[in-house]
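Student: Spelled out, the chains give:
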Amino acid sequence: MVSVLNTVDTGHEDMIHDAEMDYYGLRLATCSSDNSVKIFDLKNGTQTLAADLKGHVGPVWQVAWAHPKFGNILASCSYDRKVIIWKELGEWTKIYEHASHDSSVNSVAWAPHEFGLILACGSSDGSISILSNNGDTWDAQKIPNAHTIGCNAVSWCPAIEPGYDATAPHPRSGPVKRLATGGCDNLVKIWREDNERWIEENKLEAHSDWVRDVAWAPAVGPPRAALASCSQDRRVVVWTSTDCTSWTSTVLNVFEDVIWNVSWSLTGGILAVSGGDNKVSLWRENSEGQWACISELNKGQGNLNNPEQRAL
Amino acid sequence: MSENIHGTFISEKVSKIRWKPEDFVEAKSFLTGSWDNPVNHITYWTFDTNEEDDESYPVIISSHAFLGDVTELRFISKDLFVASSSIGTVQLLQIQENPYAQFKERLSWNFLHKFPASDYASCTAISTFEQDIVTVGEDGTINLLTANQKIPVRTIEKSDSCSMHCVDFLRHSEVLTGNLLGHMKVWDLRNNQDVPSTTFILSANTKTEATSLAHHPTQRHIVVAGGGDGSLTVWDLRHNTYPVSQLNAHSSSVSEIKFHPDRPENLFSCSSSGQLWHWNNAQNTKLKLDSGDTHWLNTISTKGKVNVTSMCATLHKPINTIDVDRSTLLFGCDNEAMYVIKNIAV
Amino acid sequence: MAEVSNAQIIAIPDDVCRRAGLAATWIGQNKIGVHAYKHINAHSKDVPSSLAPCEVKVHCLRQEVILFEPALRKLVNESNGVFLAIQKIKNSTEDLRPELLKYSKHYRSILRACVENLQDVVEKSTPDKKPTFENYLTIFYNVECVWHLTEILYVNVVPGDVILPQLLEWVRFHFPSRELMASKILAKKSLAADLDNVQYWEAAIGCALHGKLDTVRSLLAMHSKADNPAFGTAENAIRTMPVYNVYGGYSVNEFNMRWKHWQFDLSSQIESKTFSTDRNLELLMRLIVGEELVLWEFSKYTEAWYELLAARLFYSAPCSKQPELARHANHIAEKWRAGRYLDHVILALMESDLHQVIKEIQHMSDNGWFAAHLINLLYNCGRLDIIDKHQINVTSQLHESLILDYASTLMGHHSLWQCGASYFEHCPAQGLTRLQALLESIPLGSEARVNKIIEIARQKHMTNVVTSVSKIQGMKCIRQGRLGNALAWALKAQDGAFATFIADQFLKNYAKHGELECQDLLENLGSCMLISDRLTFLGLYRKYCEFHQTYGLGEFKDAAALLVSLLVSNLTPKYFWSILLTDAIPLLEAEDAVLSSKDTFELLQTVEEHGNDPKFQDKIDLFRLAAARNLARALNIEGCLGDH
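Chains as they are written, first to last, in our numbering: chain A, 1 to 312; chain B, 1001 to 1346; chain C, 2001 to 2644.
It should be emphasised that the hints constitute simulated quantities derived from the structure, not laboratory data. Keep in mind that the hints are not guaranteed to be accurate.
Straight line, CA to CA, 30 Å or less: simulated BS3-like cross-link-like pairs of lysine-lysine [unchecked claim]:
1. C/Lys2074 - C/Lys2130
2. B/Lys1020 - C/Lys2074
3. C/Lys2088 - B/Lys1342
4. C/Lys2543 - C/Lys2619
5. C/Lys2543 - B/Lys1158
6. A/Lys87 - C/Lys2574
7. B/Lys1078 - A/Lys43
8. C/Lys2574 - B/Lys1028
9. C/Lys2074 - B/Lys1258
10. A/Lys94 - C/Lys2038
11. C/Lys2574 - A/Lys94
12. B/Lys1078 - B/Lys1258
13. C/Lys2038 - A/Lys87
Make the full structure from the sequences, and use the hints.
Tutor: Now the structure itself:
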């Protein structure tokens, strides 16, 4: 059985576009069309508003928490073409503002902490920027024309042991930095850093409409990479690869409505899919390699449709 | 496990276990404290004889909710005990039997340990000397309390830059503390300056914390400290602060050390690696003709003089706490169980 | 899509979601955050949405885990001990079966204790909680029942492979009611037990169905007509019924001959109306002789089809071996129309379809406790061979995935995470990487808790978890203004880079406020300071300050020597040069010359290299002057010394 543990009333004046918990699930960050970012402390079932961050001048699309070993750091991106990095220094303070995009910034994601404090940002101007922290300064790199018409989502590949990675230049050179992006050109692209330059490693074609979200599965266990993407074509596709160069696609399902989000559980076993059909469904791969829906959360409708007991 | 060990699963990880002292007779009830739950408990136990096998088993008399992890329990009289918590609070509680068993709060020092930014700090250890109580915490503060007054007798703030993990009264006017890096400090409580009278190091070559302290029941100057690396270190503080012996004992962090209160030639230690050891030198005591001032603990590193026996098969979870009265030993573990060992050879 | 029909649907009332659509994100290991979501993008107009103003909520959902109930935590912890004990023995080369049987029984005794404890809890619980606990009771009662049968069929080594005795024992254990009835009747020692007890025949037949023939005979002896020859004959027939025993000295064939012979005698007695004085007695004897029709008539005295199965084997096929069980079981279950959930599991067990069994028990609503522990036991027994539909052996994958699921569930609990953590190392493919991900995401809390997390990481040689957790703890200390404790964590984790970062904070604070924090700690660093150059510099500079403060001439000289060595050491951070050079001025101007000509040359050289710091500009002339004067003084003294 699944139950509602608690409900946070965000107090935002308009729709929120993203809600992300920090590393330990103790703090919630939300961002909204009302241009603000809010941080809530969730302790023992109670919520306290810890910060109301005002800095953007347009709807805020996404927020992302950095790994706690860098301190408490949050990144946000907005319609106002800016990316803001916030840090808790007693109070929450803006520590950096990145304003080099020519259009709305739709997605931000922190790199695996092993690489340091690095942020990837995807924008409607079609480019992706990579911000790397060097003590007190931030270096920006740009991948121009990554997706024509625009980039909707960015996701980092987990730091895979180079032993597993056939493309690693030297076995001892440490893990390779990789990014997956999804865009309005209906493509999912994979980028690899090579000698401090970002090159397009793969172009994954399976969707027939704008790709809305991409999510790289956490790396656990055998050397297999997995990536999920969802699109306005109502499809969710899971991509797998054993060498990060050739990818196989499996269409998880064709849904009734547009799918906006895909999210992997911490250990990568279960994929949560949600979208315009008002449903969240959970999917996992069984021991026979098939993807099966194991539970469906249905919001906004009154009753329990199918009360058959089944563990999540 | 051998026959004379009996385990009781209590659905809470046991952080502390303490016999309730009795005058001249065997102790028959005890307390357990738990940790890592949103609300923890101090539970009051006694033994009940099972008619089937004529054995006695622990049964709960009463259980009391406690905020934070129970970090220490110490009796200061037959029915009064001090409990400390990971939210920095210290309470003096009284066990009342009538009309029904309950704990009555005599005094509560709320959030005695705290960080400047209004965060609470764990009170990691307490020690008692008659009515006096000394507490240390992660905030590096030492508090001296007495059982009949609400206001701390003395507070030494920032006595240590690191969090402190153990404390012991060396004598009424002197306490010994140990911190996260194994820095041991002796504090003369008569001295008004907030600086230690002596500082020495648990172990020069490792950066390990001092996890627990115990003094010899009759010769208080003999002190044993357990380390985060599993080592036991013995000092004779009359002479100097250089350890008289140090040995690698357990395979990981020592959780608690206890001398047998009546037979101090017996020492017990337990560890987060799930080991429970009995250090015994009874033979040596009998043969001790010319030992003069040298205590047996001085020689624990030289093999053959002291028997070290493992009291039970290694448990798969940390053993956090032990207490011993006469021939019965209690211990509590992170597998949410407490164990009773009867007829221990002391 | 195959299993969608099985999926559970949960509805959450939120009107905004209904109107907009929604988005979901995982939170840690076991929670999902859900909020209303409507996609707009850069091409939409930047105006308030059609829903604004609205109540915007985020719902946190969590799987309910019944194992977190205090009454069940005992089961979780105690069985963890048995599980770990099994993993210890599995590498020995001896035959593990007898040991594994012992552990299987241990698991069952834990289950029994759990069921009994739940019965207690049910009695004591309030009406609103009662159904919940009754539900748990059913779950674990079923688990116990299936476990017991699995043990009989797959763990126990049955002599001669004849399974009837164990099957009867299993049925007796789980359906004790009619035997209890019989013992109550027997205890009354009445001479006309059939007249005094309405349940007399139910008890007698119930016992006969369970093969408790001694009890049946005792009951018959108490019948009001016990002296009737019919009863005498019945008693004799029952007493002489051959019961197969592997150690009985007969081969199966010899036994069968004796048994058929006895059966023939009894059936001719029945045909000659020997037992017709009492209809019930006659029915009983017809059951005993193995008449199928009578067996089904008596199904009213049973609660499950497998009780009837045991009776059928006892009276019709006593020497059946395990492979034949499936046929008998199928026959009975089908005729019974067995359709309960438990029936499917038991039938699959009897049909030796372990894959099906494991699929079924994953639906037991016990959060995977049963599936994980049972599959592990069977796996270690070597009784598991699961082939998927592509004919690939997936036994070890299935084994691992069930254990991982269970362990991950426990890792989501505030206290049972330690218990959960101990399962991962027994999952060779994914265990340790999963544990690493989960261990890092456990909220930290007090240092005692942090130490326990680190301890596990150390045991499993996860150095990066140790470093990462220590660093997070250190960063927290820095936020709280406790640089000393942060440094302690950096040192404990042997994290040189972090130690450098913290040492910088110390030095920068000194540069700002002129006071060195945490003297007590820095003074006792010893060889620990060597972990980082910056920390070494900090340690030496602290020593210099100490010398400098204790003003005796001896110390002044030492201070000077130390300062010079710091200046030439290459350890000095850029921002600290001006402080170091400023410190040198009073030493150059000291009443007694404490710096030699060589030292002074070194100082002059350093000021050439590093004296361009803006903060030092106002002092640079002063420095040069003092150095020149001291050089003269020193050369003079050194010259004198040289003369002697």
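Student: None of the hints should be skipped; say for each whether it holds.
Tutor: Status of the hints after comparison with the structure:
Distance hint between C/Lys2074 and C/Lys2130 is fulfilled; the C-alpha atoms sit about 20 Å from each other, no more than 30 Å. At roughly 26 Å between alpha-carbon atoms, B/Lys1020 and C/Lys2074 fall within 30 Å of each other, so this suggested pair holds. A C-alpha spacing of about 27 Å is found between C/Lys2088 and B/Lys1342, which places the hinted pair at or below 30 Å, so the restraint holds. Using a Cα cut-off of 30 Å, the hinted pair C/Lys2543 and C/Lys2619 holds, with the two alpha carbons roughly 24 Å apart.
Among the hinted pairs, C/Lys2543 with B/Lys1158 is consistent with the structure: their alpha-carbon atoms are about 21 Å apart, no more than 30 Å. Of the pairs offered as hints, the one joining A/Lys87 and C/Lys2574 holds, with about 26 Å between alpha carbons and a cut-off of 30 Å not exceeded. Simply put, B/Lys1078 and A/Lys43 have alpha-carbon atoms about 38 Å apart, too far for the 30 Å limit, and the pair is violated. With a C-alpha separation of about 67 Å, the suggested pair C/Lys2574 and B/Lys1028 falls outside the 30 Å cut-off, and the hint is violated.
Between C/Lys2074 and B/Lys1258 the alpha-carbon distance is near 28 Å, which keeps this suggested pair within the 30 Å criterion. For the proposed pair A/Lys94 and C/Lys2038, the alpha carbon gap of about 28 Å is at most 30 Å, so the pair holds. Proximity of C/Lys2574 to A/Lys94 is assessed by CA-CA distance (about 27 Å); at most 30 Å being required, the pair is judged to hold. Note on B/Lys1078 and B/Lys1258: the hinted pairing holds, with a Cα-Cα distance of about 19 Å set against a maximum of 30 Å.
For a cut-off of 30 Å, the pair hint linking C/Lys2038 to A/Lys87 stands: about 29 Å separates their Cα positions.
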